[in-house]
Every structure is written in structure tokens, then in C-alpha cells.
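Protein chains: 4
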Amino acid sequence: MALSSQKSRLRDINNTGFGPNSSVEGGRLINSDGSTNLRKRGIPLWERTSIYHTLLKMERSYFFLSIFVFYTIINISFAIVYFMTGVEHLVGAETAKTFFEQFSEAFFFSSQTLTTVGYGRVAPTGMLTNCIASLESLLGILVFAVVTGLIYGRFSRPRAYLLFSNNLLIAPYKQGKALMLRIATYKNNHLTDVEANVTLALHVNEGDKKVTRFYPLNLEISKVNSLALSWTLVHDINEESPLYGYTKEQIADSKMEVIVNIKGFDDHFSNMVQQRTSYTYKQVEYGARFLPMFERATDGEYTLLELDKINAHEPYVFEEDAVVA
Amino acid sequence: MALSSQKSRLRDINNTGFGPNSSVEGGRLINSDGSTNLRKRGIPLWERTSIYHTLLKMERSYFFLSIFVFYTIINISFAIVYFMTGVEHLVGAETAKTFFEQFSEAFFFSSQTLTTVGYGRVAPTGMLTNCIASLESLLGILVFAVVTGLIYGRFSRPRAYLLFSNNLLIAPYKQGKALMLRIATYKNNHLTDVEANVTLALHVNEGDKKVTRFYPLNLEISKVNSLALSWTLVHDINEESPLYGYTKEQIADSKMEVIVNIKGFDDHFSNMVQQRTSYTYKQVEYGARFLPMFERATDGEYTLLELDKINAHEPYVFEEDAVVA
Amino acid sequence: MALSSQKSRLRDINNTGFGPNSSVEGGRLINSDGSTNLRKRGIPLWERTSIYHTLLKMERSYFFLSIFVFYTIINISFAIVYFMTGVEHLVGAETAKTFFEQFSEAFFFSSQTLTTVGYGRVAPTGMLTNCIASLESLLGILVFAVVTGLIYGRFSRPRAYLLFSNNLLIAPYKQGKALMLRIATYKNNHLTDVEANVTLALHVNEGDKKVTRFYPLNLEISKVNSLALSWTLVHDINEESPLYGYTKEQIADSKMEVIVNIKGFDDHFSNMVQQRTSYTYKQVEYGARFLPMFERATDGEYTLLELDKINAHEPYVFEEDAVVA
Amino acid sequence: MALSSQKSRLRDINNTGFGPNSSVEGGRLINSDGSTNLRKRGIPLWERTSIYHTLLKMERSYFFLSIFVFYTIINISFAIVYFMTGVEHLVGAETAKTFFEQFSEAFFFSSQTLTTVGYGRVAPTGMLTNCIASLESLLGILVFAVVTGLIYGRFSRPRAYLLFSNNLLIAPYKQGKALMLRIATYKNNHLTDVEANVTLALHVNEGDKKVTRFYPLNLEISKVNSLALSWTLVHDINEESPLYGYTKEQIADSKMEVIVNIKGFDDHFSNMVQQRTSYTYKQVEYGARFLPMFERATDGEYTLLELDKINAHEPYVFEEDAVVA
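Chains as they are written, first to last, in this note's numbering: chain X, 56 to 380; chain H, 56 to 380; chain Z, 56 to 380; chain U, 56 to 380.
These are calculated hints, taken from the structure and not from any lab test.
Mixed in with the good hints, there may be bad ones.
As the list claims (entries may be wrong) - Label-pair distances were calculated between CB atoms; the ranges are: (1) H:Glu250 with X:Asn293: 44 to 50 Å; (2) Z:Thr109 with U:Glu356: 21 to 27 Å; (3) H:Glu250 with Z:Thr109: 23 to 29 Å; (4) U:Lys265 with X:Asn293: 55 to 61 Å; (5) H:Asp308 with X:Gly355: 45 to 51 Å; (6) H:Ala352 with U:Ile106: 50 to 56 Å; (7) X:Asn273 with U:Ile106: 48 to 54 Å; (8) Z:Thr109 with H:Ala352: 56 to 62 Å; (9) U:Lys152 with Z:Ser121: 41 to 47 Å; (10) X:Gly300 with H:Asp88: 30 to 36 Å.
Stated by the list, open to error - Calculated lysine-lysine pairs in the DSS-like style (CA-CA distance at most 27 Å, straight line): (11) U:Lys112 with X:Lys112; (12) X:Lys318 with H:Lys303; (13) X:Lys337 with X:Lys303; (14) U:Lys303 with X:Lys264; (15) H:Lys337 with H:Lys303; (16) U:Lys229 with X:Lys264; (17) U:Lys318 with H:Lys318; (18) U:Lys95 with Z:Lys364; (19) U:Lys152 with U:Lys229; (20) Z:Lys229 with Z:Lys265; (21) U:Lys364 with U:Lys318; (22) H:Lys112 with X:Lys112; (23) H:Lys152 with H:Lys112; (24) U:Lys265 with Z:Lys229; (25) Z:Lys112 with U:Lys364; (26) Z:Lys229 with H:Lys278; (27) Z:Lys278 with U:Lys95; (28) Z:Lys265 with H:Lys229; (29) X:Lys278 with H:Lys318; (30) U:Lys264 with U:Lys318.
Glycine included, each C-beta is placed from N, C-alpha and C at the ideal position.
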């Protein structure tokens with residue numbers, strides 16, 4: 056395959072944090088949500104998992120479901136303990152006769168203690184029950200301290216809130232072609248000093264080995280002062296580009312992966328934020344160009360950014376391909 | 056119009072994050088409060104809004120009003136539920152006979168549960184009512200966790216607390232003129248390593264198209280070690296300046312916009328802070344100079360910064376304009 | 056005075072954020088605690104004060120006293136309201152007959168509501184009293200949310216925890232002299248990538264005006280990778296130095312001020328921290344050198360940093376001064 | 056000893072924050088957990104200890120034990136106060152006759168007040184007891200505010216979660232040797248823009264003094280864009296290296312210490328993180344090379360990082376050593 060030798064005059068880079076040895080790495084390097092396509096093993100799950108990271112990134116519905124389940128489990132556990140130490144030590148619960156009634160009283164007393172609501176209709180007496188209740192209320196405060204922290208951590212976590220176009224376009228640019236993708240902030244956030252970093256991973260054959268080579272893709276503009284509207288990242292496929300001279304078929308064959316990393320400073324979080332994504336060769340749209348995604352409001356007083364048009368593009372036939380057809 | 060060609064030898068910049076195409080952008084680019092003059096659409100409101108950002112930046116009175124309204128709504132909702140499951144399951148509320156009395160008892164029981172105050176004069180009995188109360192107290196803790204986080208987030212949010220002068224002055228400087236504006240920190244905060252970045256947006260005609268060109272405005276001093284007193288930002292309108300040779304009338308005609316971005320490190324927040332504003336041609340005061348805004352205290356022991364004088368300036372007649380008059 | 060002309064070949068700097076015009080600035084620029092010797096006026100106190108900054112930096116004892124006073128005031132206010140709406144609406148407080156007893160019951164009921172402890176011995180009945188209690192419990196949660204945030208903000212506020220020597224020494228160095236000061240971290244913290252920035256402010260006469268000139272003081276080492284032991288900042292008073300050739304008397308006459316700013320990255324806070332101080336000419340110790348402040352532990356296994364020796368120095372007579380004497 | 060002169064052409068550095076004077080420093084400089092091998096004295100313990108730092112870094116089990124002990128102590132203290140002001144002022148506790156019963160009631164009333172659970176079975180009456188209870192509930196809120204903050208601070212504290220190999224290997228590299236160590240992130244975290252900084256501390260004899268010289272060790276790659284897999288840090292021992300020409304015995308003799316500092320930006324914390332470690336000459340494995348620690352998953356769809364293989368290496372006999380043997 057001629058591709059690798061053709062590239063030889065270009066300097067590849069080896070500081071991506073990924074190895075060059077394709078035979079030991081599997082599949083794409085970065086998933087499209089920006090996470091690494093990697094699993095770890097060799098140390099126990101709880102040691103290799105950051106519970107904080109996990110709870111921070113968990114889907115909102117699962118997060119609240121987890122809290123609810125956890126709350127129920129703690130209450131059931133304490134209900135069992137109160138039941139075993141004797142429901143007669145719960146003043147106000149004496150009328151409960153059946154197992155179910157007694158267990159219910161114990162369960163609800165537990166929940167009133169854990170949340171520190173403590174109505175007092177049912178209240179503990181006796182050394183042991185009082186001790187347990189005292190511990191449970193302490194536990195309640197600690198547990199809800201964690202939960203408070205987590206909830207705050209979740210919604211205050213600095214994020215870039217970036218929308219990426221679904222496809223990489225090979226679009227007309229100057230006299231030739233350029234690789235383009237488009238990003239936009241989709242919330243009422245505002246990034247400043249935004250930098251884009253695009254790396255190409257090419258899986259090529261060298262001799263009889265299959266290796267991965269990484270090339271930085273130069274952008275026409277790689278840093279903007281302010282990301283307010285959309286930003287089209289443009290990599291000119293000129294003689295400097297590792298993609299120079301690739302045909303539509305060669306791109307499909309190359310199993311290439313394009314890793315995009317955007318970072319900037321967010322005003323409201325007053326913090327650096329970062330978002331990453333990756334495109335595989337399957338997402339490359341050869342011969343296409345983006346349509347504008349913002350327009351002047353009808354009254355001319357402001358600009359309107361249409362987020363649903365982030366992927367909007369039209370086909371474009373390159374001269375050379377037209378000749379072929 | 057000669058302006059655009061006159062500028063041709065100056066390098067304009069295209070990394071502002073705004074497009075050059077005036078015909079699709081409407082009105083000023085940045086509002087004077089630093090937000091972008093932009094609206095987004097195309098994805099649902101809740102997806103394109105960061106509730107955290109919104110609640111963080113909301114006016115204080117609206118914020119607390121929102122909490123109050125939200126609190127009332129939750130209590131009314133739970134009151135309805137308790138009423139429907141039967142007020143007879145609320146021990147202590149049996150004396151309530153009329154609908155209004157019963158609903159009130161349900162409402163106040165709800166509020167006592169939500170805030171976990173739980174006096175116990177009214178307390179739940181029975182499986183269903185107990186379950187609801189147990190859930191409500193959990194909800195209360197979670198809701199107030201969010202509120203706690205928000206309140207903390209609001210008052211601990213790093214901000215630059217900068218006052219900008221209302222006007223851009225075209226003031227005498229060296230042999231010629233300079234564009235000046237003045238900033239000062241107005242709280243007991245202290246910024247270090249403060250950088251100013253000023254960009255000029257000019258809407259000019261190129262051929263039959265109206266385009267926006269961006270030019271960085273060089274400052275005499277663009278970085279100070281410490282922002283303690285006021286700081287007058289000075290852009291010398293010399294031959295290097297995109298504003299060189301502009302007359303009073305041309306400035307008014309140019310529809311120019313000057314975007315100012317200040318960033319620095321705040322001691323107390325131990326964080327980078329940033330503040331932005333924008334001036335339109337209407338805010339340019341041609342022929343004026345700032346009056347001092349700080350003075351030595353009468354006892355000579357400290358310096359006095361007079362924040363109400365941030366805009367204080369006196370008119371100044373340039374020689375060339377005087378000749379004309 | 057020859058000093059100013061003598062300095063003329065040295066480049067002074069004007070990006071310190073302080074003005075050159077001594078006649079309008081009073082006293083020293085920076086206080087020894089690092090704050091600016093500056094007062095602000097012209098806008099109302101509450102607008103020019105960041106309550107957050109103030110409460111964050113307040114002395115611990117005052118802070119907790121403020122909370123206590125605030126707590127008492129709120130309770131008294133609500134006690135008045137409950138008393139006026141009728142103590143008869145507080146079930147359990149009917150036995151209170153005298154004004155004092157009734158007011159006490161109202162006061163303690165208020166405190167039980169505000170803290171959401173809600174024993175229920177005294178509990179609200181009736182629409183109005185219930186409404187007030189419901190509002191008070193909400194207020195309690197919000198107020199303590201602020202307090203929680205503040206307490207957390209106070210003890211988690213990134214700080215450099217640096218100890219500065221009390222004096223600037225003019226010490227022997229190489230063949231000549233150097234200005235030296237010493238810093239050390241005094242808590243179990245560890246700074247990395249620590250930078251020191253030292254600026255000299257000289258109040259000199261230029262013609263008939265008294266002006267302030269600022270000179271950066273070059274340090275032999277201005278950045279260390281890690282600040283673990285003490286660090287002696289050394290400014291060699293060679294021909295490049297604005298202090299070159301100053302005699303003991305001239306230094307005392309110069310009314311000089313040396314502003315020191317240290318910043319670094321703190322491991323535990325995972326944040327940039329910064330600390331500033333300033334020395335006036337009164338704190339300059341001419342002819343002295345620091346004594347070591349760390350030593351090898353007797354068992355040779357660790358190093359011992361003696362923080363009480365931060366100021367330890369011994370006198371040193373310079374040859375030229377000895378000749379004079 | 057020839058070593059020091061041999062090194063003379065290499066520039067050593069003195070900005071490590073450690074002094075060159077071995078005779079006053081004891082033992083290794085950095086412990087393997089990254090802390091400095093240093094103790095401080097001369098100011099009181101509470102002034103030289105950051106309680107926040109201590110509680111943040113305390114072992115989890117000790118932390119929760121401390122909370123429990125603290126909780127018990129506060130309750131016992133208040134129980135004593137309530138007991139001394141008279142248990143008869145605790146309504147509901149009148150049935151308690153013995154000292155033990157009365158003290159228990161006081162203790163549990165205290166815990167119910169501190170946690171604001173306030174069942175109300177036991178409730179305060181009388182001015183004094185009410186005052187104490189009112190203060191205790193305020194204290195409870197403040198104390199648990201601190202605890203909430205600490206717990207949140209503990210689990211949200213930005214950390215690098217890096218695993219370091221136990222040994223430094225002197226491994227074959229190019230035609231010669233290299234010093235190698237290996238790192239990997241062991242949790243589900245992801246670092247970007249990761250920089251490694253390696254410093255060699257050599258204790259050498261200069262004349263009759265024993266001094267410590269510091270040399271930066273150049274790495275083949277000292278910065279990676281992304282730390283996803285493992286990263287082997289490689290210092291080529293070529294002519295530029297301070298370790299050039301060292302034999303196995305000389306390394307053992309040198310009492311060398313290698314300080315490694317890694318910093319990067321963590322996505323989830325959105326913060327800079329940093330981790331440090333240090334190797335002594337005892338941890339140097341002469342003649343060995345790392346075995347791969349990641350592999351392609353059997354289905355080829357992802358990469359598998361085996362954390363238990365971080366230390367996996369095989370012996371390697373250098374030609375020169377083989378000749379000797």
C-alpha cells in the first residue's frame with residue numbers, strides 16, 4: 056500500500072498518549088462521547104472506579120433512582136434493627152399488632168429519623184433504641200451531606216456544552232479541498248479563548264505490521280477569542296496535509312479516526328472547560344459543504360443561531376470526481 | 056466610501072468568533088453587559104438552557120421569589136395528595152371539619168415535612184400517608200440541597216466586579232489622539248495579572264457587500280500586575296491604528312463597535328475572573344479627557360478612590376477641529 | 056537629589072497598577088497583610104462591598120459572633136410576630152401567663168422552627184401562625200444554606216499559608232550586597248511552581264514634582280519547582296540594580312517600598328494560591344545575614360524546619376562601612 | 056570520588072526548592088507518597104497545621120471515626136449541662152429516676168437537638184434549658200455545615216489517580232540504556248495535556264563537604280496530549296545525561312533519588328491535578344524491561360489495560376555486563 060510511504064515526508068507525532076502498535080489496541084481510540092475506548096482490569100472494581108466521577112456523570116434519572124433505592128435500603132435495614140430490638144421501645148407504635156403494622160411503624164420511624172423530620176408521634180425510649188436512633192440521625196446527616204455535595208457537584212460541574220456536527224465534510228476550499236467540521240455552544244453559555252486541537256489517527260501497514268500513526272491536522276484558525284456563534288473548523292488538505300491526495304475510496308479504506316479536542320474558558324463557571332469527540336472514516340462525507348446556521352433576525356436587532364442546522368450541508372461534486380463520472 | 060481601502064494595509068483578524076458577514080448578523084455583537092446579542096433556536100428550550108447558568112445569573116429578588124413560588128407549589132401539590140388520601144390519616148388534624156380547615160392542615164403538614172421541621176402536632180398514620188410523607192421529606196432534603204448549592208454557587212461565583220466608564224473618549228495623547236476608557240474595581244476585591252483585550256468591529260462596504268472587519272486595538276499598557284486603583288486603557292490613534300485619520304463624523308458614520316475584555320486573577324476567589332463590555336459609536340465622546348478619580352486622603356495616610364468619578368471628563372478641543380470652527 | 060538621575064539609565068515600569076503621581080496617592084501602597092492601602096467612596100457602601108469577600112476574610116471569632124447575633128435577631132423578630140398574632144395559637148404554650156413567659160415561648164418556638172428542630176411541645180395552629188411558621192422554616196433553611204456555604208467557603212478558601220521574614224536584609228552576597236528576604240510555608244501544605252515577583256517603589260523628586268517610580272527587582276532565582284523548606288529571595292545589588300550604590304542613609308531617606316508577590320500551585324487545594332506583602336524602608340536591616348532555619352533531625356532521617364527562626368539573622372559589617380567607622 | 060568531576064560539565068539546577076547542603080538535610084527529600092520528608096516546629100501545632108488539609112487527607116475510616124467521637128463528645132458535654140440545669144426541665148423525661156436514666160434522657164435529648172431530629176417526646180421547658188437547647192441546635196447546624204463541607208471537599212478533591220511502577224528500570228534503549236518508569240491512571244478518569252518532570256538528586260562529595268546536586272532528567276516525551284493507556288517515561292542515558300557511564304555499583308553507591316512530578320488537566324474535575332513520587336537508589340532495577348500492560352480485547356472492539364501489570368518486567372543482560380560475567 057502506497058499510503059505509508061507517501062506520508063513518509065510528514066512528521067508523525069507520538070505524544071498522543073496512544074501507542075503506535077495497532078495489533079494490541081482494539082477498535083476506535085476515542086468514542087464519540089469523548090470517552091476512551093478502553094477497559095481496565097487487574098485491580099478490584101472499587102479501586103479502579105471513582106465513585107464521585109461515576110455519580111457525577113450518571114444519567115440524571117438513574118442518579119435520582121439510585122438515591123431513592125439507597126434511601127429505601129437504609130430504611131429497611133434500620134426498620135429490621137428497630138423491629139428486632141423491640142417495637143415496644145417505639146412510643147406511639149404500641150397500637151401496631153401485626154407483623155406488617157409493626158414493621159411499617161419501624162420503617163417510617165426510621166425514615167423520620169434519617170431525614171431528621173422527627174414528628175415524634177413515634178419516638179424512641181430505652182437505651183438501645185435511643186442509641187440506634189441517635190446513630191441513624193447522625194448517619195442521615197452524613198448521607199445527605201454526601202447527597203447534597205453530589206447534587207451540587209453535578210449541576211455545577213464545568214462543562215463545555217458543545218454540539219458537534221455529525222459528519223466530517225470533505226468540502227471545497229480555496230482551489231482544493233478541506234476537511235471541515237462544525238461546532239456550536241448549545242446552551243446560554245459563552246466560551247472565550249477557545250482552542251481546537253485535531254489529530255488524525257491512520258492505521259497503516261508498515262512492512263508486515265499494522266501500525267497506527269498520528270498526525271496533527273493544522274487548522275486555518277485554531278483559536279478564537281470568543282465562541283458565540285458556530286465555528287467551522289477547517290483543515291486545508293494541501294501539500295502539508297497528511298490527507299493530501301487521498302481519494303474517496305482511499306479514505307474509506309484507511310480506517311482513519313479524527314480526534315477533536317476543544318477547550319476554552321467558561322464565563323459562568325469561571326473555569327476551563329473541555330470537550331472531546333472522535334470521528335471514524337464512516338462519518339466522513341466526501342463532497343459536501345455546510346449551509347449557514349445563523350441568520351439576522353427579521354427586525355435586524357440580533358443574530359439567530361439555528362442549532363438544528365448544525366449538520367445542514369449540501370452535496371458538492373469535485374471537478375476530478377465529475378470527470379470520472 | 057474610502058474607509059475600507061484606507062484600512063487595507065492593516066491586517067484584520069478573523070479569530071474573534073464572529074463572522075465577517077454583516078448581512079446575516081443583526082445589531083451589535085456584544086451587549087453592554089457583556090452577553091452576546093444572540094438568540095438560539097432549533098432545539099427545545101430546556102435543552103438549550105443551562106438551568107444552573109440561568110439561576111446563577113438571575114436577579115436576586117427574582118431568585119428568592121422563584122424559591123418561594125416553588126416552595127408554595129410543592130406544598131400545594133402535596134396538600135392535594137394528603138387531602139385525597141384522607142385527612143383522617145393525619146393524627147392531630149381530626150378537629151378540622153371544613154374543606155378549608157382540612158386543606159390548611161394538609162398544607163401545613165406538608166410544609167413541616169418538606170422542611171423537616173416536623174413538629175408532630177400533626178403526624179402521619181397509615182401505610183399510604185406515611186409513604187407519601189417519607190417521600191416528601193426525602194424530596195425536601197434533595198430540593199434544599201439544590202437550593203443550598205445554588206445559593207452558595209451564586210455568592211461564591213467568581214466575578215471581576217469591574218466598573219467601566221460609560222463612554223469611550225477620543226482624548227489628546229502625545230502629539231495626537233487616543234481612544235480611552237477607564238475601569239476600576241468597585242468592591243473590596245483585588246485583581247492581579249490583569250489583561251485587557253480591545254477589539255474594534257467596523258462595518259464597512261466592500262464592493263456591494265456590507266462586511267464586518269475586526270481589528271485588534273493595541274494598548275499602551277495591556278497588562279498590569281495589580282488592579283487596585285483605576286486603570287485608563289489607552290489606544291494611541293497613530294499610523295498603526297485602524298482608527299487613524301478618522302474624523303468625528305466618520306466615527307459616527309462607521310457604526311463601529313469596540314469590544315473590551317478584561318481578565319485577571321482574583322485573590323479572594325483564587326480564580327480567574329473575566330468581564331466584558333462593548334461600546335457602540337453612540338458612546339464615543341469625541342474631544343474629551345478623563346479627570347482624576349483618586350486622591351490622597353487629607354491625612355496623607357491612604358489613597359481615596361472616588362468611584363462616582365469613573366465617568367468624569369472635561370471637553371477638549373483638538374487643534375484641527377478648532378481651526379475648522 | 057542625585058538619586059533620580061542616577062537611576063535614569065534603568066527602565067522603570069508603569070504596569071504595576073499604581074500611578075506615578077505621588078502627590079495624589081497617600082502613604083504606603085500595599086499594607087503588610089497584602090491588602091491595598093486604599094479606600095473607596097462615591098457609591099453606597101453595600102454596592103462597593105462584597106459581603107462574601109468580607110465574611111470570608113473576617114476574623115473567626117467575629118464571624119461566629121455575627122452568626123450568633125444574627126440568629127438572635129431573627130428569633131426576636133419572629134418572637135414579636137408570634138406574640139402579636141397571639142400566643143394562644145401556639146399549642147402547648149397556653150400555660151404561659153406573664154408577658155415574659157409568653158414572649159419566651161414565642162422566642163423558643165421561633166428558634167425551634169428556624170433550626171427545623173421542631174420538638175412539637177409547642178406547635179402552631181390557625182392559618183396565620185401556621186403561615187408564619189412555614190415561612191420561618193423556609194427562611195431557616197435558606198439562611199443556614201448561606202451559613203453552610205460561608206463556613207465551607209472559609210475553610211476551603213485556597214491560601215498560600217506563607218510566613219514572610221519581618222525584615223529585608225541588606226546582606227553580603229558574592230563580592231557585594233544583596234537584598235534578601237525569607238519565606239516559608241508554615242502549615243502542612245506544599246506549593247509547586249512557585250514564582251516570586253518583587254517590585255521596588257521609589258518616591259523620587261523629578262524637577263519640583265514628587266513622583267513614584269517602579270522598578271522590578273531581579274532575583275537570583277525567581278521560580279522554584281517546589282516550596283518545601285524555606286526560600287531566601289535574593290536580589291543581587293549589582294550594576295543592574297536600581298539600588299546599586301545606595302548607602303545606609305540613602306535607603307532610609309528614599310522612603311522606598313518593596314512589594315513582594317508570591318504565587319504557586321497548592322497540591323491540596325489543587326488551585327493557584329497567592330500571597331502578597333510589602334516592606335517599607337523602616338523594615339530594611341542594613342548589614343545582616345540570615346541564619347539557617349532548617350537542620351537535619353538527630354536521627355538523620357528527616358529535615359526539621361524551624362519556623363520560629365524565619366527572622367533569625369546576625370549582624371554583618373560591610374568593609375566600606377567598617378572603614379568609615 | 057570521580058563522579059562529581061565527571062558531572063562537572065553538566066549544568067545542575069538550584070530551583071528545586073531544596074537546598075544543596077546535604078549536611079543539614081536528613082534522609083530522602085520526597086517520600087514515595089509524594090509528601091516532603093520534613094517536619095516543622097517553632098510555632099504551635101494548631102498554627103502550623105491546616106485542619107482542613109489534615110481532615111481532607113485523613114484515611115477514610117479515621118475521618119468517620121473522628122466524626123463519631125466528636126459527635127459523642129458534644130452530646131456528653133451537653134448531657135452534663137442539661138443534667139446540671141435539671142432534668143425536670145425536660146418534659147417527657149420525668150419518669151427517669153436513677154442517675155443513669157436521667158443522664159441517658161439528657162444525652163439522647165441532646166443528640167435529638169444537635170441533629171435537629173427533635174422528636175419532642177422529650178422537650179425543653181423553662182428559660183435556661185430552652186436557651187441551651189436553642190444554642191445546641193444552632194451549634195448542630197454549624198457543626199454539620201462543616202462536616203458537610205468536609206465530606207464534599209474530600210470526595211470532590213481533584214486528584215490525579217495515578218499508579219506508578221514500583222521500580223525504576225535501567226532498560227535497553229536505542230544502542231544504549233535508558234531509565235524508565237511507568238504510570239497509568241487507575242480510575243475512570245482521563246487526563247489531558249499531561250506533563251512529566253523528573254529530577255535527579257545526587258549526593259556527592261565536593262572537597263570535604265557532602266552536597267546534593269540536582270539535575271533535570273530529559274525525557275524522550277515529556278508531554279502527552281492525553282493519558283489514557285499507560286505511559287512509560289523514558290530518560291535516555293546518553294552523553295547528555297547526568298547518569299551517563301554509571302555502572303550498576305555506582306548507582307547503588309550514589310544514594311541517588313529520582314523525583315517525579317506529573318501534572319495534567321482532569322476532565323471531570325475540570326481542574327489541574329498533580330501527583331508526585333520519589334524513587335531512591337534501592338528501587339532501581341538494573342537490567343530489566345517493562346512488559347506490555349495493555350492488549351486488544353478478544354473481540355477486537357476495545358483495548359484492555361491491565362493495571363496489575365504496571366510493574367511487570369523481565370530481566371535483560373546488557374552486553375557489557377555479560378562480558379564481565
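Hints versus structure:
no. : hint                               : result
1   : H:Glu250 with X:Asn293: 44 to 50 Å : 34 Å, violated
2   : Z:Thr109 with U:Glu356: 21 to 27 Å : 57 Å, violated
3   : H:Glu250 with Z:Thr109: 23 to 29 Å : 27 Å, holds
4   : U:Lys265 with X:Asn293: 55 to 61 Å : 60 Å, holds
5   : H:Asp308 with X:Gly355: 45 to 51 Å : 18 Å, violated
6   : H:Ala352 with U:Ile106: 50 to 56 Å : 39 Å, violated
7   : X:Asn273 with U:Ile106: 48 to 54 Å : 51 Å, holds
8   : Z:Thr109 with H:Ala352: 56 to 62 Å : 21 Å, violated
9   : U:Lys152 with Z:Ser121: 41 to 47 Å : 43 Å, holds
10  : X:Gly300 with H:Asp88: 30 to 36 Å  : 50 Å, violated
11  : U:Lys112 with X:Lys112             : 24 Å, holds
12  : X:Lys318 with H:Lys303             : 41 Å, violated
13  : X:Lys337 with X:Lys303             : 12 Å, holds
14  : U:Lys303 with X:Lys264             : 36 Å, violated
15  : H:Lys337 with H:Lys303             : 12 Å, holds
16  : U:Lys229 with X:Lys264             : 20 Å, holds
17  : U:Lys318 with H:Lys318             : 24 Å, holds
18  : U:Lys95 with Z:Lys364              : 11 Å, holds
19  : U:Lys152 with U:Lys229             : 86 Å, violated
20  : Z:Lys229 with Z:Lys265             : 35 Å, violated
21  : U:Lys364 with U:Lys318             : 23 Å, holds
22  : H:Lys112 with X:Lys112             : 24 Å, holds
23  : H:Lys152 with H:Lys112             : 46 Å, violated
24  : U:Lys265 with Z:Lys229             : 22 Å, holds
25  : Z:Lys112 with U:Lys364             : 49 Å, violated
26  : Z:Lys229 with H:Lys278             : 35 Å, violated
27  : Z:Lys278 with U:Lys95              : 23 Å, holds
28  : Z:Lys265 with H:Lys229             : 22 Å, holds
29  : X:Lys278 with H:Lys318             : 17 Å, holds
30  : U:Lys264 with U:Lys318             : 35 Å, violated
Of the hints listed earlier, those the structure fails to meet are numbers 1, 2, 5, 6, 8, 10, 12, 14, 19, 20, 23, 25, 26 and 30, in rising order.
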